[in-house]
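Generate the whole structure from the sequences, applying the supplied hints.
Chains A and B, in that order, give the protein sequences.
Mapping of the first sequence onto numbering that gives the first Met the number 0: position 268 corresponds to residue 267, and the numbering continues sequentially without gaps.
Mapping of the second sequence onto numbering that gives the first Met the number 0: position 59 corresponds to residue 58, and the numbering continues sequentially without gaps.
A portion of the hints provided could be inaccurate.
[Claimed, not checked] One-sided excerpt, in silico: chain A residues whose CB lies under 10 Å from chain B:
| hint | residue |
| --- | --- |
| 1 | A41 |
| 2 | T143 |
| 3 | W254 |
[Unchecked claim] Result set (BS3-like, lysine-lysine): computed pairs, CA atoms no more than 25 Å apart in a straight line:
| hint | chain 1 | residue 1 | chain 2 | residue 2 |
| --- | --- | --- | --- | --- |
| 4 | A | K249 | B | K7 |
| 5 | A | K331 | A | K364 |
| 6 | A | K249 | B | K56 |
| 7 | A | K156 | B | K29 |
| 8 | A | K132 | A | K107 |
| 9 | A | K322 | A | K243 |
To be clear, the hints were calculated from the coordinates, so they are not data collected in a lab.
Beta carbons are placed, not taken as given, at the ideal position from N, Cα and C, and that holds for glycine.
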Amino acid sequence: MRFVDEFRQPELIARAAEEIRRLADPTRHYRLMEVCGGHTHAIYRFGLKDVLPDNIELIHGPGCPVCVLPMGRIDDGMSVAQDPNVIFAAFGDMMRVPGTHGSPLEHKARGRDVRIVYSPADALKLARANPDKHVMFFAIGFETTAPSTALTVLRAKAEGVRNFSVFCNHVTIIPAIRAILDSPDMRLDAFIGPGHVSTVIGCRPYEWIAQNEHKPIVVCGFEPLDLLQSIVMLLRQLKAGEAKVENQYKRVVPWEGNRAALRAMGEVFQLRSFFEWRGLGFISQSALRMRDEFSEWDAEQRFSIPGIRVTDPKAAQCGEVLKGVLKPHQCKLFGRECTPEHPIGALMVSSEGSCAAYFNYEHRKQAMVNILSPTA
Amino acid sequence: MCLAIPGKIIEISSDNPDTALIDVVGVRRKVDLGLLQDDRPVAGDWVLIHVGFAMSKISEQDAAEQMETLRMLGESEAAVQEVRGYGLDEPSNRPWDGRNRVEDLE
Chain A
0 MRFVDEFRQP
10 ELIARAAEEI
20 RRLADPTRHY
30 RLMEVCGGHT
40 HAIYRFGLKD
50 VLPDNIELIH
60 GPGCPVCVLP
70 MGRIDDGMSV
80 AQDPNVIFAA
90 FGDMMRVPGT
100 HGSPLEHKAR
110 GRDVRIVYSP
120 ADALKLARAN
130 PDKHVMFFAI
140 GFETTAPSTA
150 LTVLRAKAEG
160 VRNFSVFCNH
170 VTIIPAIRAI
180 LDSPDMRLDA
190 FIGPGHVSTV
200 IGCRPYEWIA
210 QNEHKPIVVC
220 GFEPLDLLQS
230 IVMLLRQLKA
240 GEAKVENQYK
250 RVVPWEGNRA
260 ALRAMGEVFQ
270 LRSFFEWRGL
280 GFISQSALRM
290 RDEFSEWDAE
300 QRFSIPGIRV
310 TDPKAAQCGE
320 VLKGVLKPHQ
330 CKLFGRECTP
340 EHPIGALMVS
350 SEGSCAAYFN
360 YEHRKQAMVN
370 ILSPTA
Chain B
0 MCLAIPGKII
10 EISSDNPDTA
20 LIDVVGVRRK
30 VDLGLLQDDR
40 PVAGDWVLIH
50 VGFAMSKISE
60 QDAAEQMETL
70 RMLGESEAAV
80 QEVRGYGLDE
90 PSNRPWDGRN
100 RVEDLE
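Okay, here's the thing in structure tokens:
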């Protein structure tokens with residue numbers, strides 16, 4: 000098997016794949032959701048579907064921060080950036096995500112001051128270095144990233160840096176999982192739990208999924224062996240009729256999470272009553288806003304934000320793909336109008352987006368299959 | 000953007016215990032240790048770094064495995080590029096390979 004030769008511990012990978020075949024009941028169809036976009040990328044890159052039996056279907060979840068951000072939030076952020084005194088700073092992942100009037104990169108080409116930073120701390124550094132400008136950090140990410148933003152705001156306040164603010168788009172993973180479980184067109188058997196989000200929140204926040212929803216969940220690492228072992232653990236639970244939270248990624252994820260990170264988040268942020276997710280709609284208490292004590296560093300308080308709501312391009316079916324109702328290639332625009340070079344939806348921009356992952360790996364493989372056997 | 004980068008702590012700043020010099024496959028930059036204040040690392044420890052902040056302490060073996068994971072995912076160069084970018088340092092000039100980096104803006 001080509002797959003097995005390329006990775007570390009090939010004998011363990013082969014054994015895990017064999018165990019999956021042994022455990023999977025051939026009369027059953029399994030729908031397992033990997034919540035995290037990093038896992039989606041890994042699954043496509045490693046060609047994991049090739050080693051799984053056909054009746055195990057992996058559904059790609061909402062855990063790609065740029066993918067779930069509604070276009071209106073980008074427009075809101077860019078509206079602030081029209082002010083020549085504002086430096087708009089964001090992670091590289093954001094730069095090519097389309098807004099109504101173009102991506103941040105295209106705004107840059109039109110003369111707006113748009114900068115890539117690799118850390119929120121560097122956005123603060125920009126503010127210190129440019130005292131006559133205002134630096135707005137466009138913050139995105141789940142609980143992996145939110146503590147770093149929180150600590151940066153605490154540092155800005157402690158140092159009295161007043162020409163710095165955060166446009167907060169941080170979201171939280173648990174309400175999204177709840178929304179997916181509540182969705183009537185979603186029937187899932189179990190979850191592959193996010194890896195690095197769990198370094199912050201730990202494993203306890205998933206317990207309701209096991210106890211109330213009776214779905215197994217295994218917190219998982221990012222190697223092929225991690226993913227296959229997690230699938231083995233899920234299948235064992237399903238076979239035994241159990242539902243519990245297990246931690247396959249113990250080498251990195253402590254059961255209790257990172258309390259200092261949670262404290263920093265709790266100090267700076269509070270839950271929004273609701274937030275819009277692309278594809279999933281409005282989800283209550285699913286995102287973070289800055290507490291009133293930090294209003295001076297809250298871009299939504301300091302600037303007049305238009306609060307733009309944009310419906311996605313009609314032909315694009317990002318929402319259905321995000322919910323796992325459609326596979327990426329089933330969208331009418333996939334690979335035609337919408338490609339990684341000319342993305343229409345955010346799922347095609349980020350390497351963690353299922354459309355980009357599908358395009359970069361599966362689509363090319365399929366193209367090769369079509370070339371080799373044109374009648375198939 | 001959720002991938003964590005393994006690095007070794009070379010030195011903790013004497014005037015700020017929340018700042019450390021770390022080494023990621025030969026690239027040395029400053030990162031923030033503020034999220035590890037309950038379990039402070041010391042020089043020589045290995046940590047996972049995310050957006051310029053150390054997120055968790057890990058063993059040397061786990062660090063080596065994490066770097067290998069990044070390599071397998073095709074993300075090891077991006078990880079080093081990210082670390083190079085910490086502190087707003089200028090990136091190297093390389094053609095765009097589909098990832099978003101600072102040079103896209105130049």
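Structure-based check of all given hints:
no., hint, verdict
1, A41, "6 Å, holds"
2, T143, "5 Å, holds"
3, W254, "13 Å, violated"
4, A:K249 with B:K7, "20 Å, holds"
5, A:K331 with A:K364, "19 Å, holds"
6, A:K249 with B:K56, "12 Å, holds"
7, A:K156 with B:K29, "21 Å, holds"
8, A:K132 with A:K107, "16 Å, holds"
9, A:K322 with A:K243, "23 Å, holds"
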